[in-house]
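**Q** One letter stands for each residue in the lines below.
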Amino acid sequence: MSKRLFVTPYRCTDCKNCEVACSFVHTRNPMKPALTRVRAYTLMGEIKSVVLCLQCEDAACQTVCPTGALTRNPDTGAIDRTDACILCKACTMACPFGNIHFDPAYEEIVKCDVCGGDPACAKYCPTRALVWAEEPSPDLDPEEEIEVMPLPWAMTMPAK
Amino acid sequence: MPKDRSEKVRVTIDGRSIDAEKGKSILEVARECGIEIPSLCYHPGLESFGACRLCVVEITKPGWEGWKKLVTSCLYPVEEELIIDTRSEEVRENRSVVLDLLLARVPESDVIRQLAAEYGIHDTSYTKREDADTCIMCTICVRVCDAIGANAIATLSRGPDKYVDVPDKDACIGCLACALSCPTNAIPFEEFVNGKRKIWGREFDLVYDEISHEPIGTPEQIDHFAEKSGLPKEYFLKSDKVRKKETAVTFARVQF
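Just so you know, the sequences run in chain order A and B.
So for the first sequence, the numbering used here puts the first residue at 1; every next one is plus one.
So for the second sequence, the numbering used here puts the first residue at 1001; every next one is plus one.
Keep in mind the hints are simulated off the structure, nothing from the lab.
One thing to keep in mind: the hints can contain errors.
As the list claims (entries may be wrong) - For lysine to aspartate or glutamate, the following EDC-like pairs were computed, each having C-alpha atoms within a straight-line distance of at most 16 Å:
1) B:K1162 x B:D1133
2) A:K48 x B:D1133
3) B:K1245 x A:D14
Isolated chain A, as found in the complex (with noise of 0.2 Å):
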């Protein structure tokens, strides 16, 4: 079974490191953190949850795309945006998720593509609401030590 992004709500303290992870890889010089693809939330004060694409297998993203741009990369599992995209932005009005962005700076329909097979936000979270694997991630124990990333300052932006 390939790889998946398993979220797990109550694990997700909403420190947006997955948000800031997400903007680096993904934004353009100047960094636009608007622009993330995930996206962490506290709801009613107190309850926390991070959301993302979930990769639909039956995408009405894909349903609605005119032109075809939205293909299954057969390497990652996720539905990449690919330069067939004509910007009529279907795509962001018909995902049920509101997981499919237009991003007016650049011209561009942004979503998630799991950075290629190697997540960056379920790389930087701390606290595993987000992990990418092949299995749901089991129960955390508290006494168990997590390894965590260094904070995504460090990150270098990749040239584009």
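On the provided structure of chain A, position chain B as indicated by the hints.
**A** Okay, now just chain B, sitting in the frame of chain A:
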């Protein structure tokens, strides 16, 4: 055009031997290998049209006894033993003429001026068009509108008077895809003027999200996409940000 993606053909581009998928165009194969060929009317999501003639390349084959010919790489499919030169003297000269002519047509376009400068042309040697806009007749907008299924944009008239317009204003759904895809930004539009959107001389109302009051799109656009995709119309009536938050609530509810 049916494309058999399983078969491979061996071509040579700029001296590099490449195994290319049969049915693909020279331009597609070259770009996959990182060989840059300039183009204006080519769009990966649309059928190639060969309007701009900027992507010309020189081709030859071992059996051609030294004969060469220039073809538009966006339309010419790769063939076995094809030898392609993307930057010969002849190719450069042809592109220069094309850019010189384009510069006469759209003297104010930054995109064309920049491209022409790369080929050493800073001012056109032809007579500049009077009252020129920046349309280069690449017909990307026509093909985009066709792909979306609205079929509102068409080329009208013929010869030097040919222009792009929307003959039936009611056919336009106001999605702005044409304006955003235009390589020379020749299609003017206005957003949020008194809460409306203006394009092709028509004013469109905007549907706003009930919770966040963000604009989603025009009612025509929503109806068109819902009908064409077969998805329920409710899918199209909320903004992406509101939906994302709703998904977060669902995620949390599943857990607690």
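**Q** Hint by hint, which ones does this structure get wrong, listed from lowest number up?
**A** 2
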